[in-house]
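J.: Residues per chain, in single letters:
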Amino acid sequence: MSNTKTFVYINRKAPYGTVYALESLEVVLIGAAFEQNVKLVFMDDGVFQLTNAQDPEGIGMKNFSKTYAALGDYDINQIYIDQQSLDDRGLTIDDLQALVYEDEDDDWNEKSSIHLVNREQLSDIIDSADVLLNF
Amino acid sequence: MPLDVNGTNYETDEEGYLANLSDWAPDVAEALAASDGAELADGHWEVINFLREYYEEYQIAPAVRVLTKAIGKRLGKDKGNSKYLYELFPYGPAKQACKYAGLPKPTGCV
Chain A
1 MSNTKTFVYI NRKAPYGTVY ALESLEVVLI GAAFEQNVKL VFMDDGVFQL
51 TNAQDPEGIG MKNFSKTYAA LGDYDINQIY IDQQSLDDRG LTIDDLQALV
101 YEDEDDDWNE KSSIHLVNRE QLSDIIDSAD VLLNF
Chain B
1001 MPLDVNGTNY ETDEEGYLAN LSDWAPDVAE ALAASDGAEL ADGHWEVINF
1051 LREYYEEYQI APAVRVLTKA IGKRLGKDKG NSKYLYELFP YGPAKQACKY
1101 AGLPKPTGCV
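In order, the protein sequence lines correspond to chains A and B.
Just so you know, the first sequence maps onto residues 1 to 135 in the numbering used here.
Just so you know, the second sequence maps onto residues 1001 to 1110 in the numbering used here.
Okay, chain A solo, but in the shape it has when bound (with noise of 0.2 Å):
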């Protein structure tokens, strides 16, 4: 019998001024080493933590934005953006940065691990998990 259980983390809040963003990510990372079947949903201001460009030094805050390029790296490829949070704001998928996995089950190669998703997708995404952390 399979231990994997699949874990929904729930990105909801812009990444600088609350420490939700980076924490998140920092259970993501940490519980990696788990191998569990591993979602990431960015809907509402969370989308804001994968725009392009970040530059918060200015608020003396650690650019981590460079560390979401890095979950391909811990086998972490199922991204799903909320569309409608993207139009609510004015975003579209291009002010977003691009991250990609290795494919180590098929050829190896580059895939991208971001999937936009209407608010019916999202729901079976939620529906999907047997953990669901919101942050």
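Any given hint could turn out to be false.
In silico SDA-like pairs for lysine to any residue, Cα to Cα no more than 20 Å straight-line [unchecked claim]: (1) A/K66 / B/N1049; (2) B/K1105 / A/E110; (3) A/K62 / B/Q1059; (4) A/K111 / B/Y1058.
Here are the computed distance ranges between Cβ atoms for each label pair [as the list claims (entries may be wrong)]: (5) B/G1007 / A/T18: 41 to 47 Å; (6) A/D44 / B/D1004: 21 to 27 Å; (7) B/Y1091 / A/A98: 33 to 39 Å; (8) B/L1021 / A/E35: 28 to 34 Å; (9) B/E1087 / A/S128: 38 to 44 Å.
The hints are simulated quantities; they were obtained by calculation from the structure and are not laboratory data.
All C-beta atoms in this analysis are idealised placements derived from N, C-alpha and C, irrespective of residue type, glycine included.
Using the hints provided, position chain B relative to the given structure of chain A.
T.: Leaving out everything else, chain B in the frame of chain A:
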């Protein structure tokens, strides 16, 4: 406890990791290793330089599993395995190599 390198004192934490990333230089790495009774050879430097590049790009020190895989890709399969890395860094490749590379202790590492 400060680390003395040729008369300059560098601030370190209670486990001997450098307090400031920007203090790092090759001779500081040598001194960090010496304080553990270790000496750095080419094999060590390959891993240390890799870690510094990884940190520069991703702003994190990689977990040991990720490090092993990435070293294999970069330096060849004969080096991308735990046995080789533990021979170089017997206190745990990620932990010990990160220390000499002047990086923070890896998040949730062994």
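J.: Under the constraints set out in the numbered hints, which ones does this structure not fulfil?
T.: 2 and 6
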